[in-house]
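When you get a sec, could you build the whole thing from the sequences and use the hints?
Sequence lines, in order, name chains A and B.
Residue numbering for the first sequence follows the UniProt record's numbering, beginning at 1 and increasing consecutively.
Residue numbering for the second sequence follows the UniProt record's numbering, beginning at 1 and increasing consecutively.
Derived from the structure by calculation, the hints contain no laboratory data.
Accuracy of the hints is not assured; some may be wrong.
Since the list gives no way to pick one copy over another, a pair counts as held whenever it fits inside one copy or between any two copies.
Pairs of lysine-lysine residues, derived as DSSO-like cross-links and limited to a Cα-Cα distance of at most 27 Å, are as follows [stated by the list, open to error]:
no., residue 1, residue 2
1, K30, K102
2, K137, K148
3, K3, K170
4, K148, K102
5, K27, K135
6, K148, K135
7, K27, K102
8, K70, K135
9, K44, K102
10, K27, K44
11, K226, K173
12, K257, K44
Number of protein chains: 2
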Amino acid sequence: MNKKELINQIKEKKSFLCVGLDADINKIPKHLLEFEDPIFEFNKQIIDATKDLCVAYKPNIAFYEAYGVKGWESLQKTIDYIPKNIFTIADAKRGDIGNTSKMYAQAFFETFNFDSITVAPYMGEDSVTPFLEFKNKWVILLALTSNKGADDFQFFNSGDQRLFEKVIQKSQKWGNDENLMFVVGATRPEMFSEIRDLAPDNFLLVPGVGAQGGELSEVCKYGMNKDCGLLINSSRGIIYAGNDESFAEKSRNEAMKIQKEMAILLEQFKLI
Amino acid sequence: MNKKELINQIKEKKSFLCVGLDADINKIPKHLLEFEDPIFEFNKQIIDATKDLCVAYKPNIAFYEAYGVKGWESLQKTIDYIPKNIFTIADAKRGDIGNTSKMYAQAFFETFNFDSITVAPYMGEDSVTPFLEFKNKWVILLALTSNKGADDFQFFNSGDQRLFEKVIQKSQKWGNDENLMFVVGATRPEMFSEIRDLAPDNFLLVPGVGAQGGELSEVCKYGMNKDCGLLINSSRGIIYAGNDESFAEKSRNEAMKIQKEMAILLEQFKLI
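So, in structure tokens, the structure goes:
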């Protein structure tokens, strides 16, 4: 999916919501365990219930990998089930030397046909660029994450620059706003204006709204750009809204609450 | 496997060689394509030919992931085939927020029963510690990698410290030399003495000898400690030494060349 198609989808659905598919066999409703593939059945019902309210789905790859071969089968079925006009993110945090990153790119862009993948920047240019060589595919590079451990290295300071700023600045020479997004956690909304100085046109994938405590309106105030430029992720808050046979309906209600808030924000910022 | 068992293995085999299992369907000998699972058949023959000469095997997870479900089946068979007294490394470069790293740990330490996993440090403490909670399992944290892109961020300098030094220093508060190793590329042998100041007792996993140009004797000169403290990885140089029906024998010859050099170095440093 290219940038224009993503923006169109945001305007049509009046939403910039990404639903995180972190399906955990220990957390999904018990009645699903009777199905042959409970994880896929869970995702299928969540997708059916939310696909008109969100513009992206983000399977968290760890949750599939944890079950070995069976988990990868559930992931394959899930990605095949997501409607083709919805943006897909492999939340995989991959990154390795060039010939290995190329294999990861092949895994997620060809074998699974994801639109994008999250990538960790530690190993530098040749660990990132192999992902950028695929047409209409995206790298979503970790910049400033939403977890506590983000403080350990991402704020490491050279005097005039912090590491996450260097990552944003340097990586823009490798890609552009048509194939490169950044992960910026919602837990530090005040950082968004500094990040927008460095990356005015790139989309930002924003985890940490909801369960992790970030505020949607604050993120928009500092982080929205002329194209919206934000994909706000919610995982647990939506997919585990219910725990019985009506779980999908409850997840729809949660997604709708966020979508309505997003529609108001999009109007407020004159984007629709 | 615990540290003592690893050291004993090094002394018995007079080797600190790790063989990287980066099996690529486009590079393995053509006659293997007739087997039901060519990747596993290739690994099986490499393992049979080298298991008395090396102390560790390191499947590069990207090479399995690239083939989706089928690749994970090959990985499962490979890890099950490696003799239990040989150290196993999932070269996966994982790392995510706490609850997600926990799932990755479960994937590699429980579902696949690897002894260790390579982890990327960018997301900090809570992305690393979930891996450290498993008994007799190891984190191998990226510090200074062997690729060109290592220059981009790993040398980012706060004035009195570079990022890779901060990673080594800080992470030692999370783990110890019984559960934490570091990746240090052989392409910068002169850096090993500085790294040994920060991490005198930790094992170092050293890629980049051979195909990437690093020198074994130089690495030992600066990097060896009282326990040996090094696992030297060679992937392409060993597994693709031959490309016909005698490929396994040729890989054995390459592994033996390195093992003999290692035996001399171990004697020279009075470790055997």
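Violated constraints from the hint list, given by number and in increasing order: The structure breaks none of the hints.
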